[in-house]
Amino acid sequence: MFKKILIANRGEIAVRVIRACRELGVSSVAVFSDVDRAALHVSKADEAYPIGPAAARESYLNMEKIIQTARRCGAEAIHPGYGFLSENAKFARACGDAGIKFIGPPPSAMELMGSKTRARQAMQAAQVPFVPGSSRGLSLPEAEETAARIGYPVMIKAAAGGGGKGMRLVRTAPELKSAFETAQSEAQRAFNDSEVYLEKYIENPRHIEIQVLGDEHGHVVYLGERECSVQRRHQKVIEEAPSAIVDEDLRRRMGQVAVQAAQSAGYTNAGTVEFLVDANRNFYFLEMNTRLQVEHPVTELVTGFDLVHLQLRIASGEKLPFRQEDVAIRGHAIECRIYAEDPENNFFPSPGKITRLLQPGGPGIREDSGVYEGWTVPLDYDPMLSKLVAYAPDRKAAIARMRRALDEYFIGGIKTNLSLFRRILEHPDFIAARIDTGFLDRLLVSGSASAAPSSNGLSDIAALSAALFAATATPAQNGRNGAGTAAGKHHGNGSSNWKRTARAEALRSQ
Amino acid sequence: MFKKILIANRGEIAVRVIRACRELGVSSVAVFSDVDRAALHVSKADEAYPIGPAAARESYLNMEKIIQTARRCGAEAIHPGYGFLSENAKFARACGDAGIKFIGPPPSAMELMGSKTRARQAMQAAQVPFVPGSSRGLSLPEAEETAARIGYPVMIKAAAGGGGKGMRLVRTAPELKSAFETAQSEAQRAFNDSEVYLEKYIENPRHIEIQVLGDEHGHVVYLGERECSVQRRHQKVIEEAPSAIVDEDLRRRMGQVAVQAAQSAGYTNAGTVEFLVDANRNFYFLEMNTRLQVEHPVTELVTGFDLVHLQLRIASGEKLPFRQEDVAIRGHAIECRIYAEDPENNFFPSPGKITRLLQPGGPGIREDSGVYEGWTVPLDYDPMLSKLVAYAPDRKAAIARMRRALDEYFIGGIKTNLSLFRRILEHPDFIAARIDTGFLDRLLVSGSASAAPSSNGLSDIAALSAALFAATATPAQNGRNGAGTAAGKHHGNGSSNWKRTARAEALRSQ
Amino acid sequence: MIYEVTIAGKTHKVELSKGESGWRCKLDDREVPLDVTSTREGVFSLLLDGKSYEVKQENTATESNIVVGHERFSAVVRDPRSFRSRSRAGAAGEGVKKIIAPMPGKIVRILAQQGAEVEAGQGVLVVEAMKMQNELKAPKKGILKKLNATEGTPVEAGQVLAEIE
Amino acid sequence: MIYEVTIAGKTHKVELSKGESGWRCKLDDREVPLDVTSTREGVFSLLLDGKSYEVKQENTATESNIVVGHERFSAVVRDPRSFRSRSRAGAAGEGVKKIIAPMPGKIVRILAQQGAEVEAGQGVLVVEAMKMQNELKAPKKGILKKLNATEGTPVEAGQVLAEIE
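Chains as they are written, first to last, in the working numbering: chain V, 1 to 510; chain W, 1 to 510; chain B, 1 to 165; chain X, 1 to 165.
Derived from the structure by calculation, the hints contain no laboratory data.
Hints are not guaranteed to be accurate.
Stated by the list, open to error - Think about it this way: if two alpha-carbon atoms lie no more than 25 Å apart in a straight line, the pair counts; the simulated DSS-like pairs of lysine-lysine are:
id, chain 1, residue 1, chain 2, residue 2
1, X, Lys106, W, Lys353
2, V, Lys319, V, Lys3
3, X, Lys13, X, Lys26
4, W, Lys353, X, Lys98
5, B, Lys51, W, Lys101
6, V, Lys101, X, Lys26
7, X, Lys13, X, Lys51
8, V, Lys396, W, Lys353
9, W, Lys396, V, Lys396
10, W, Lys3, B, Lys51
11, W, Lys396, V, Lys319
12, X, Lys26, X, Lys51
13, V, Lys353, B, Lys106
14, V, Lys236, V, Lys396
15, B, Lys106, W, Lys4
16, X, Lys51, X, Lys10
17, B, Lys98, V, Lys353
18, X, Lys51, V, Lys4
19, V, Lys353, V, Lys396
20, W, Lys101, W, Lys90
21, B, Lys51, W, Lys65
22, X, Lys106, W, Lys165
23, X, Lys98, X, Lys26
24, V, Lys3, X, Lys51
25, X, Lys51, V, Lys65
26, W, Lys319, V, Lys4
27, X, Lys106, X, Lys140
28, V, Lys3, W, Lys353
29, B, Lys106, V, Lys165
30, W, Lys165, V, Lys396
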């Protein structure tokens, strides 16, 4: 095992890896940008070094600076987390050149999977099932021909793409030309590469992915599936394991295909093979993510393994400590990604100071958090604050447990999407596992993003409480909220902060 | 399932049961004594009612008041938690008479197991293995005769006993008379019953117990064992599951005996059969606890079941939703009981205000807590604050994870035994699972209760920090700590609180 | 003391007085037997007819909320004794609507110029935060009287960016 | 500003000044390149030569502690500028040792009477809290000069129960 590793990331995933290091007796090195000096990962790590200004490109994406820091402090390996440099083959290669182990797959496997068209070719050679379509970049005439062959609707995608950019759905032939050109120019702008390809569009697919793990001695196993069909604009919002529609047989078939895919790419360490699954439970390769996923905790809870421990053990040269037949799925886990964003206002991001943080606990609740009460969420990065995970013997109990945990959760001072989860978890389609990748977008257009307020007299309680808070406000509270304490003679008459706020409310735009 | 139940308890176990209620859609009713109005279980419950003054005998032990409260608010059942009325057969009977379901075994089973001598007779009839000795109360001549037959050393125990009271170890025949009489008079004082009996004394036994669960349709299963050998003065301090010395065969044999014991007593709901296990892995019935145990979470983590959910389902008449062959042990769990007590000062209790609470989180960590930051731990009850539980694939990883969690844990304002756990978990005998019920007492006499301070220059950091805190102290901070802000002109020169404390330190007894 | 509290569009009169065993509360002249305990700063545990409520106060840069259980209510509290000063502030705002930054960020685009006529819902400027661009719209039809914003400058949550009259 | 800090039996001189990028710190006249950030009230994140320390301040009724990671140090901080007032307080305590209640509780038994001679370690009184009885012992041999305690009365943590001279 390594003696010391550097974590080239921030937020909850940096804290997650630091915790694993501590448990394995490995010294952990954090890096931080100027705005992250007070971030949780800095105080949790054994060592911490500044790597530049707030802009990620000058800090968390600054390969040279990160490798230099690792060399200087004697870190033997770098864990990239997810996002930032985690899928950057050039970075993995640079680590190797500097004599530092990159905790992840070999750069060649990252490069292969990083190009959608090359990945598609390789996967087709490995007999991995695919959505019908082209396996390479197309010209417009080629696209028209392919679409005619496989039948509409079709989806145009950027070869270098991700995150929904350069993607266009085309339902009929006359729409193709304009959509093709828009996708090309979007791809050019987003990825500096205008290459696009085309696939049959699967109606209401489910997003189901297989976790794989390979050691450096040729063993690859799969750790069951995760269903991530609850998405907003192609971003996962809720993930769970197992999937309600995957039985033992389908799990084995998907798992074997995923292992084949990994092996054909010379893959090692943790990776995820994403599939679309149609209404008839046919599954089609979507892409392979060559890193730890955000949603890895649900797999940990149902398999009992620790994926970050295993990543470190694999990267340090150990053999996988178990075989495929030792992997068993028990119980059900659900994860909610908690974001600083306002679901009632177009999901506007909501950075700012967390003035109050009451976190849930008790049986079956795990929280991987990157924040703390009093911390100011910077506006420079992804707004994910924390991952809340519920585990229970079955799906119904896991949903009930997550709802209980959400009821206990309170984040004050900034907007979060906690209320959105409550609404999803109360929805009959979610409860019945009738979900697909369009589920959440349909739910969102059907009404407000937060659960409908109940009419059980809570507003009377709120009115009384508002007055009580005003009556018991201390001068210190006013001071902290920015209003002066000049109001003087404090005899319980509404704090000046309340008055100030009242004015702001009255004047604010609706 | 019930619509509403009352929880006749306080602290973490009340919160634990309230959470289960919420998950099952059952309304929860808390009760509280005058000093517990601000306690966590009151605000977590759906309803809460006062039941009297601080003294437990007038509130949490006040059967009439509790049953009356349950009737008035329409609770169909009462969960007694552990301690207080949980093993009181009279209370269980009174609930039944009032038409309220007592969530636990039938009163007859509680009565049987509540008397050590009657339990012993019944268990012997059910072929349960016993420590050699008498099965009933003895006169002194009978005791002398029995001791001679089974051989010294022997242990004298109170028939109505518990908690170490009325117990005496006798190593040689000449000591017997005096020890017998002391035990009798202690038993008389403690339990108003001088009856004592006698058993062979097992040297360095391990305490291993089996969790059983029976429904009201005649099915009883066992959920594996817990090892609770780390005890101080017969009080469990750390519990784990599984036990390092129990293999599949021993687990099955102990489990079957426990089920036999439960069945012969007409037992239903959750219960625990405690055994002593000697160096040759012979096991002997110790007693049966007719309630949920403090340490039930370790069983939940390794089996994947939720014991409180199952208690409620059983009490509402449901059948056990699984069979013995569905029970499997996976991974390893360790629990630390966090107490408000000072391990460096004779384990003095330390009630008071929790001024700062930083709780651990992340993978494999569960906390069942009954406290919150800012709460004042009352001096009227058991000083247990919280239970911290770590789960990992194996024992070594679970120990490492618990140590990591303890490093993250900070409780400010009162003394706790957190440092004691660190010391135990670093001890080579604990790590090697060479533990018995005398392990902790031996460890405690061998030195200070907290881990030895390392000499790695942390005291320089502490000195610098102390000055920095003094330099940045705000008047508000001084005010909160009770010192006046009269010092006036605040130009960064040591807060008055620091000065006040300095004086107190200088004058305090060593 | 007496407060005027506006919650969910309805304004209530709340009368509070310190009784022997805590607060005495009246809501719209109806006595409410509320048992109030502060568990931490900004958090109350309330008991009313046996029902238990955990209530939190939340002040963000732009809002004051009361959270009961998990339901959030926007709250405006007025102390009638300070009415005079309030109404003055109110008068200044007559007919004017402001566009306030809902979060800290950076102004990346200005879509309407000072003095221009804007429709209700028309985009006025774009603020970027956390990699997302968010268009702020005119709350009503009118003249864009003030525009306190230039492209490329950072803004704080709660900052008034524009006024429409 | 300059402080005298006693930690683990050793007294240090700590000199602090506000520099351009935070605090400048000297420990016993040696410059320490400490990077200090307050993460919450009573908690610092410190970086020193790349090592990261989380430090908490803890004031209980009877002690002031500094907790570095999970190690607890009893700390006494003196501001030399306030020395005069301090030494006066110190003088009053010369030769006198106090018995202070380590926790809130109730006095259940008094074992030595006022004016009596007591040995070091001799039990003076018994305080009960949380179902446990705890004997408080004489810190030194001497005369039990004051005894501010009667059986059955509650005591607060930090309360002086007896003085021995």
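**Prompt:** Does Lys396/W pair with Lys319/V here, judged by a C-alpha cut-off of 25 Å?
**Reply:** 18 Å, holds
**Message:** Between the alpha carbons of Lys353/V and Lys396/V, is the straight-line distance 25 Å or under?
**Reply:** The hint is violated at about 35 Å.
**Request:** For the pair we were handed, Lys106/B and Lys4/W, check the Cα-Cα distance against 25 Å.
**Result:** Answer violated: Lys106/B to Lys4/W is near 52 Å, above 25 Å.
**Message:** Next pair to validate is Lys353/V with Lys106/B; report whether the Cα-Cα distance is within 25 Å.
**Reply:** OK: Lys353/V and Lys106/B at ~17 Å, within 25 Å.
**Request:** For the pair supplied as a hint, Lys3/W and Lys51/B, confirm whether the alpha-carbon distance does not exceed 25 Å.
**Result:** Since the Cα atoms of Lys3/W and Lys51/B sit roughly 15 Å apart, the hinted pair holds (cutoff 25 Å).
**Asked** Given the hint that Lys106/X pairs with Lys165/W, does the C-alpha gap stay at or below 25 Å?
**Response** 23 Å, holds
**Proposed proximity, Lys26/X with Lys98/X (alpha carbon, max 25 Å)** = 35 Å, violated
**Item:** Distance restraint between Lys3/V and Lys51/X, which requires alpha-carbon spacing of 25 Å or less
**Value:** 15 Å, holds
**Request:** For the pair supplied as a hint, Lys396/W and Lys396/V, confirm whether the alpha-carbon distance does not exceed 25 Å.
**Result:** 33 Å, violated
**Request:** Decide if the proposed pair is consistent with the structure: Lys51/X and Lys4/V, CA atoms, cutoff 25 Å inclusive.
**Result:** 13 Å, holds
**Asked** Has the given pair, Lys3/V with Lys353/W, been kept, meaning a C-alpha gap of at most 25 Å?
**Response** 40 Å, violated
**Prompt:** Given the hinted pair Lys106/B and Lys165/V, is their alpha-carbon gap at most 25 Å?
**Reply:** Measuring from Cα to Cα gives roughly 23 Å; hence the hint holds.
Hint check: violations occur at hints 6, 8, 9, 15, 19, 23, 26, 28, 30; the rest are consistent with the structure.
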